[in-house]
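*Asks:* Sequence:
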Amino acid sequence: MRNRKKKKTFNRKTKMTFKLGKMTIGFMAIFVILPLCIFLLSQTNQMTMRGDDISKLEKRKQELTDEKQRLEVEAARLQSIQEIQKDVSKTNMVPTKKVNYINSSTGVAVNR
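Residue numbering for the sequence shown follows the numbering used here, beginning at 1 and increasing consecutively.
With a straight-line Cα cutoff of 25 Å, these simulated PhoX-like cross-link-like pairs (lysine-lysine) come out:
id : residue 1 : residue 2
1  : K56       : K68
2  : K97       : K86
3  : K86       : K98
Derived by calculation from the structure, the hints in this document are not laboratory data.
Whenever a hint applies, use it, and build me the whole structure from the sequences.
*Replies:* What follows is the structure, encoded as structure tokens:
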């Protein structure tokens, strides 16, 4: 028998195949969906908190608007009293000491 040299042959046609089982797909889905759900919950929470802040600020704005209107009316009232007092001093009016009221039963100024 002859000594034959064995030829070594290399197969370069190797394919890399991955087989994904049900558990692997499940874990991959969890790792993708779970962060998205956490992100969605955090965004919803932030929007809710901002909505509460906005409603509190709107309520405060309304309170301040009401107080501003009340103060404007009060300022106008005080200014009118001051104007009357200035007019009294300008026209040299004197405060009365005793007031006499006329009864309507006497008919002095009523019948005309």
